[in-house]
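Protein chains in written order, with the numbering used here: chain U, 2 to 472; chain D, 2 to 472.
Derived by calculation from the structure, the hints in this document are not laboratory data. Please note that a few of the clues may not be correct.
No copy is singled out in the list; a pair is fine if it fits within one copy or between any two copies.
Stated by the list, open to error - Computed cross-link-like contacts, DSS-like style, restricted to lysine-lysine with a CA-CA straight-line distance of at most 25 Å:
hint, residue 1, residue 2
1, Lys-370, Lys-268
2, Lys-392, Lys-16
3, Lys-335, Lys-190
4, Lys-374, Lys-140
5, Lys-136, Lys-461
6, Lys-369, Lys-392
7, Lys-129, Lys-369
8, Lys-214, Lys-335
9, Lys-140, Lys-129
10, Lys-136, Lys-369
11, Lys-26, Lys-16
12, Lys-214, Lys-190
13, Lys-214, Lys-374
14, Lys-136, Lys-93
15, Lys-224, Lys-13
16, Lys-461, Lys-140
17, Lys-268, Lys-461
18, Lys-335, Lys-461
19, Lys-335, Lys-392
20, Lys-328, Lys-140
21, Lys-375, Lys-268
22, Lys-214, Lys-384
23, Lys-26, Lys-431
Here's the letter readout for the chains.
Number of protein chains: 2
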Amino acid sequence: MAGSFLHIQIDKNLKLSLSRQVYEKIRDDILMGSLQPETRLPATRRLAKELEISRNVVMGAYDQLHAEGYIESSSGSYTRVADDTHYRQYRKTPKEIKILDVEGSSCDIEFKTGVPDLALFPRTLWGKYLKNAVKFARKEELTYDQPNGHEGFRKVLADYLYKSRGIRVLPSQIVITSGATQALFLTAKILYTDGCDAVLEDPGGYGVIEILKTAGFGLNPVKTNGTGFDISRMHFTRNTRLVYVTPSHQFPMGYTMPAATRIGLLKRLQDRDIYIVEDDYDSEFRYDGSPIHPLKALDPDRVIYIGSFSKVLSPALRIGYAVVPEKLIGRFSKLKQFSDAQSPLIDQIALKNFIQDGAFENHVYKMKKSYQKKRNILISTLKETFGSGVKIYGENAGIHIVAGFENRCFDLNGKLELCHNRVRIQSVEKHVINKGDHTHQLIFGYGNLTREEIVDGINKLNRFISVPGCS
Amino acid sequence: MAGSFLHIQIDKNLKLSLSRQVYEKIRDDILMGSLQPETRLPATRRLAKELEISRNVVMGAYDQLHAEGYIESSSGSYTRVADDTHYRQYRKTPKEIKILDVEGSSCDIEFKTGVPDLALFPRTLWGKYLKNAVKFARKEELTYDQPNGHEGFRKVLADYLYKSRGIRVLPSQIVITSGATQALFLTAKILYTDGCDAVLEDPGGYGVIEILKTAGFGLNPVKTNGTGFDISRMHFTRNTRLVYVTPSHQFPMGYTMPAATRIGLLKRLQDRDIYIVEDDYDSEFRYDGSPIHPLKALDPDRVIYIGSFSKVLSPALRIGYAVVPEKLIGRFSKLKQFSDAQSPLIDQIALKNFIQDGAFENHVYKMKKSYQKKRNILISTLKETFGSGVKIYGENAGIHIVAGFENRCFDLNGKLELCHNRVRIQSVEKHVINKGDHTHQLIFGYGNLTREEIVDGINKLNRFISVPGCS
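Just chain U, same shape as in the assembly:
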C-alpha cells in the first residue's frame, strides 16, 4: 500500500524538526523523480502511524508541500504529486560542506597607508555613542530616510566643514556615503559618458585608478613635478569629463598644491564641461598649521569635494561624504538611492553627536599629537639609518610619508614584500600609471604602527636594502 514506498528515515537526534525531515524527504523524492506526478500520497494518519510520529507533524509537512506546489488535493480528498515537478538536474542539499580555511600570509610589521592607529580608537566612548543613538533615535530614524543621509548629521557636518576648512556649504549639498570610496564611485558614475576619460595625478592612488576604471573611464595621467600636479603637462581631450586631484596632500607624494596651480587649473577649465574631484582624504592631520583651504572654496560649482572619517576614526565605520554642486545634486542623490538606498543611520546619528559634543575634536587633537611623535621617529630613524642617501616627501601632513633612496630600485609588481624579514611596504610604483620614474621610492604608512615597530621595521628594511640594488 501507499506509504511504505516513501522510505522516510526519521532521525530524532537531528537539529531539523521532524516535520521538516518528512517535508524534505518527500520534496526531494518529487524533484528527483522517484515520486512521479499523479502518485497518491498516503493519508496523514496512516503515514504518522507508520513513522511513529504525531499526525500533526505529517500535516505540517503536507501543508508546506502544498504551499510550495509540490502536491495538490484531488477531488476525493486524496493528496497527489503535482504535475511538472520533476527536475532532473536537482541535487539534494549536502548535509555538510567542507570549508577550507585559507590562511593569509601575515606580516609582523606592515607600513600600511590609510590606516589610523587602531589601538587608540575610542572603543568605550564610541560604544556609548552607538548605544545612545539607538536608545534615543526617533522612530523615523530607524527606517528609510533621505538617500542623502541624516539631515541633522549633514547640518553638523556643514558646520564642521566651515570651522575646519573654511568652506560654507548647505546641508542639502552634502551626500553621506559609504566612505570616500563610494563618494568617488558615485561621482564617477554620474559624470561618466561613453568613451570619456579622467585626468589624474601620476602617481595617484591605486584604488582611485581602479574605481575610475570600474566606472568606465579612460585614464589621462599627468606627471607630478617637484610641487605636485604639473598643469603645463595637462591636456584635455574632447572626452575629458573630470580632473581628479588631492590638493591638500597629494597621494602618495604628499605635496600641497600651491595657490598658483589651483588658480591655473581653474582657469584652464573655464568654459569647459569638466568637473574637478577634490579628494581631501586626510586633511585633519596637518602638523604645521591648519587644514589647507580647499579648491572647493574657490569654485563651488566646479568642484565635487570628497572627505572621509576613515582616517580619523576608523575605516570600519564606512562614513564618508561628497559635497556636490547644485547642478549635480539631484542625479547624485538618485544614484545613491538606487545603489544602496541610504547609509546606515545609527552610525550617522552617533557621529553627529560625537562631533557636536566636541569628542571628535578631542580625538583629532589626541591622534595628531601621537602621529606627530611617530612621524618624527620615522623620519629621524630613516635619516640615521640611510644618511644623506634618503630623501623625505610629504612630511607635513597625513599618516604616511614617502622616502626616496638614492641608487635603489624597488618596484616591482607594485608591492615590495620582505617576507623573510616579515616586513611589508609599498613602493610608489604601485600607484604609478606611466611606470618608471618612482622606482627608488617607498611609502611609509605609520598610522597603525607603534614607535618600536617603526624602528624595528626600518632596521629590517635596511638589511634588505643593503643588498646591492636591483637596477
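Model the placement of chain D on the given structure of chain U, informed by the hints.
Leaving out everything else, chain D in the frame of chain U:
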C-alpha cells in the same frame, strides 16, 4: 608704509581664531586682486603691533599663507605675494547661508510597505550588541576587511540560511551588502552588457524597476496570472541577461511561485546565458508553515539569491546579502570593493552575535506573532467594511497585503493620497510597467501601524472610496 593697506578688522568675539582671521583676510585680498603679486607684506612684528595682537598670531597666519602658496619669501627676507594668485571669479565665503526648512507633507496614517514595526525594534538589546561589538572587536576588525564582508558573520549567515531555508552555501559565496538594494544594484552591474534587458514580473517593485533601469537594463515585463509569474508569456531576446523574481512572496501581489513554475522557469533557461535573481525579501514572516524552499536550492549555479535584514530588524541598519554563484563571485567582490570597499564592520559583528546567541530567532518569533495579529485585524476590518466587494491577495506572508475593490479604480500617478483625511496608501498600479490591469487594487503595508491605526485608516479610506469611482 606697508601694513596699513591691509585694513584687517580683528573681531575678538568671533569663533574664528585671530590667526585664522588674519589669514583669511589676506588670502581673500590676494585672490580677489586687491593685493597684487609682488606686493610686499608688512613684517610680522609690525603688523602685530598695528593690530594689537601677538606676533605669534601673525606668524601663524603667514605660515599658513606660505604653506598654501599665497606668499613667498624673497631673498632679502621680505615676504611678498606670490605670482598667479589672482582669481577674478573668487567670491568670499559668506558668513552665513540661510537654510530653508522644507516641510514634507506628513500623514497620520501611512500604509507603507517594507517597514517593520519600529516600536518593537529591540533598542536596548541592539545597543548592547553594538557596544560589545566595538568593545571586543579584534584590532583588524576596526579597519579594512575583505570586501565580501566579515568572515565570521558570513559563516553564521550560511548556517542560518541552511537552518531557515534549507540552502547550503559556502561563506565564500556570500557578499554582505548595504541592504538588498545594493545586492541588486551590484548584481545588475556585473550582469549588464550593452543593450541588454531583464525579464521581470509585472507588477513588480517600483524600486527594483528603477535599480534595473539605473544599471542600464531594458525592461521585459511578464504579466502575472492568478498564481504569479506566467512563464507561458515569458519570452527572451538575444540580449536577455537576467530574470528577476520574488518566488517566496511575489511583490506586491503576494503569490508563492508553485513548484511546477519554478521548474518550468529553470528548464526554459537551460543552455542560455541568463541568470535568475531571486529576491527573498520577507521570507521570515510566513504565517502558515516554514519559509519557502528557495529557487537557489534547485539550481545554485544559475541563481543569485538576495536577502535582507531590513524587514526583520530595521531598514536603518542597511544589512543585506547576496549568495552568488561560484562563477560570478570574483567579479561581484571586485565591484563591491571599488564601489564602497566593504560594509560597516561593527554592525556585522553585532548582528553575527545577535544571531548566534539566539536573540535574532526570538525577535523574529515575537514580530511574527505581532504581525499575524495585525494582519488578522486588517483583513477582518476590510471584510467588515467592504463585504464581498473586496478581495485579499498575499495574506500568507510578509508585512503587506493587496486588496482589490470591485468596480473601483485607483491609480493614479501610482500613489493614492487622501490628504484631507491624512491617510496615505499606495496603488498597485505604481508598481506596474504595462499599466491598466491593477487599477482596482491597493497595497496595505501594515508592519509599522498599530491595530488602532489600521482600523482608523480603513474607516477613513472607506469614506473616500464610497465616493463614486473614477472609472
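Evaluated hints:
In this assembly of identical chains, Lys-370 and Lys-268 lie within 25 Å of each other by CA distance neither inside one copy nor across copies; the values are 38 Å within and 65 Å between. Proximity of Lys-392 to Lys-16 under the C-alpha cut-off of 25 Å is found in neither arrangement, the shortest distances being 64 Å within a copy and 40 Å between copies. Taking the shortest alpha-carbon separations for Lys-335 and Lys-190, both the intra-copy value of 12 Å and the inter-copy value of 16 Å come in at or below 25 Å. In this homomeric assembly, Lys-374 and Lys-140 come within 25 Å of each other (Cα to Cα) only across copies, at 21 Å, whereas the closest approach inside a single copy is 45 Å.
Taking the shortest alpha-carbon separations for Lys-136 and Lys-461, neither the intra-copy value of 49 Å nor the inter-copy value of 33 Å comes in at or below 25 Å. With identical chains, the CA atoms of Lys-369 and Lys-392 are at most 25 Å apart within one copy only, with a shortest distance of 23 Å there and 66 Å across copies. Taking identical chains as interchangeable, the C-alpha atoms of Lys-129 and Lys-369 lie at most 25 Å apart only when both belong to the same chain, with a minimum of 23 Å there against 31 Å between chains. For a Cα distance limit of 25 Å, the shortest separation of Lys-214 from Lys-335 qualifies both inside one copy, at 22 Å, and across copies, at 12 Å.
In this assembly of identical chains, Lys-140 and Lys-129 lie within 25 Å of each other by CA distance both inside one copy and across copies; the values are 20 Å within and 19 Å between. With identical chains, the CA atoms of Lys-136 and Lys-369 are at most 25 Å apart between copies only, with a shortest distance of 23 Å across copies and 32 Å within one. For the identical chains of this complex, Lys-26 and Lys-16 are intra-copy neighbours only, at 15 Å inside a copy versus 73 Å across copies, given an alpha-carbon limit of 25 Å. In the homo-oligomer, the alpha carbons of Lys-214 and Lys-190 lie at most 25 Å apart both inside one protomer (11 Å) and across protomers (14 Å), since each shortest distance falls under that limit.
For a Cα distance limit of 25 Å, the shortest separation of Lys-214 from Lys-374 qualifies neither inside one copy, at 38 Å, nor across copies, at 52 Å. Taking identical chains as interchangeable, the C-alpha atoms of Lys-136 and Lys-93 are never at most 25 Å apart, the minima being 45 Å within one chain and 42 Å between chains. Taking CA atoms no more than 25 Å apart as the test, Lys-224 paired with Lys-13 passes in neither setting, with 71 Å inside one copy and 45 Å between copies. Within a single copy, Lys-461 and Lys-140 get their C-alpha atoms only as close as 55 Å, which misses the 25 Å cut-off; across copies the closest is 24 Å, which meets it.
In this homomeric assembly, Lys-268 and Lys-461 never come within 25 Å of each other (Cα to Cα): the closest approach is 48 Å inside a single copy and 61 Å across copies. Taking the shortest alpha-carbon separations for Lys-335 and Lys-461, neither the intra-copy value of 51 Å nor the inter-copy value of 33 Å comes in at or below 25 Å. Taking the closest pair of Cα atoms, Lys-335 and Lys-392 never come within 25 Å of each other, the shortest separation being 47 Å inside a single copy and 36 Å across copies. In the homo-oligomer, the alpha carbons of Lys-328 and Lys-140 never lie at most 25 Å apart, since the shortest distance is 32 Å inside one protomer and 42 Å across protomers.
For the identical chains of this complex, Lys-375 and Lys-268 are neighbours neither inside a copy (39 Å) nor across copies (63 Å), given an alpha-carbon limit of 25 Å. Taking the closest pair of Cα atoms, Lys-214 and Lys-384 never come within 25 Å of each other, the shortest separation being 38 Å inside a single copy and 57 Å across copies. Taking the shortest Cα distances, Lys-26 and Lys-431 never come within 25 Å of each other, neither inside one copy (55 Å) nor across copies (41 Å).
Comparing the model with each numbered hint stated earlier shows that hints 1, 2, 5, 13, 14, 15, 17, 18, 19, 20, 21, 22 and 23 do not hold.
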